[in-house]
Structures are given as C-alpha cells and as structure tokens.
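Participant: Sequence:
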Amino acid sequence: MTTSLSLDEILSQMGAAGRRLDHMGAVEAGAGNISVSVDASAEELGLAERFPQVHPGTELPLA
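In terms of my numbering, the sequence shown has 32 at position 31, counting the first letter as 1, and numbering is strictly consecutive.
The set of hints was computed from the structure by calculation and includes no laboratory data. Be a bit skeptical, because a hint or two may be false.
[As the list claims (entries may be wrong)] Pair by pair, the computed Cβ-Cβ distance ranges are:
hint, residue 1, residue 2, range
1, 54, 11, 13 to 21 Å
2, 41, 62, 28 to 36 Å
3, 15, 49, 28 to 36 Å
4, 26, 60, 31 to 39 Å
Where is the CB? At the ideal position from N, CA and C, for every residue including glycine.
Sequences are here, hints too, so could you generate the full structure?
Facilitator: If you want it as structure tokens, here you go:
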C-alpha cells in the first residue's frame, strides 16, 4: 500500500498512536519511542525546514 502523507500528517498519526498506547496503559511513565520509516526523500517531506539538525540517510539496521 502506498500513500502520500505530509510530514504534519505523519507526526499527527504518531501522536495519535502514542496517545492510544498511553490510554491502554502500554507505556511506562508517559515516555517511549515511536519510530517510523517512510519511502520519501528528506526534501519531499521538508525535514530540513522542520528539523534543521536532521541528518537524513541514516542506515537502518537489518534484522
């Protein structure tokens, strides 16, 4: 399935997922990490404008 979401939409969905996990009691102390992998370039998403300290192109570990 391919979808074109904006950076704002991706961040909004991540926030919603975090809230659902918190409401289910699946997180401790309200902290945790949520990772997302997208098939889009940093330029397409506008990462540099939103996160000026970003280093796109970080290789993900293979499982």
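Participant: A separate judgement is required for each hint: does it hold in the structure or not?
Facilitator: Status of the hints after comparison with the structure:
At about 18 Å, the CB distance of residue 54 to residue 11 agrees with the hint of 13 to 21 Å. In this structure the hint that residue 41 and residue 62 lie 28 to 36 Å apart at CB is violated, the actual value being about 20 Å. Roughly 19 Å separates the CB atoms of residue 15 and residue 49, a value that falls outside the hinted 28 to 36 Å. Distance hint for residue 26 and residue 60: a CB-CB separation of about 34 Å, consistent with the stated range 31 to 39 Å.
The structure does not agree with the numbered hints 2 and 3 stated previously, though it agrees with the rest.
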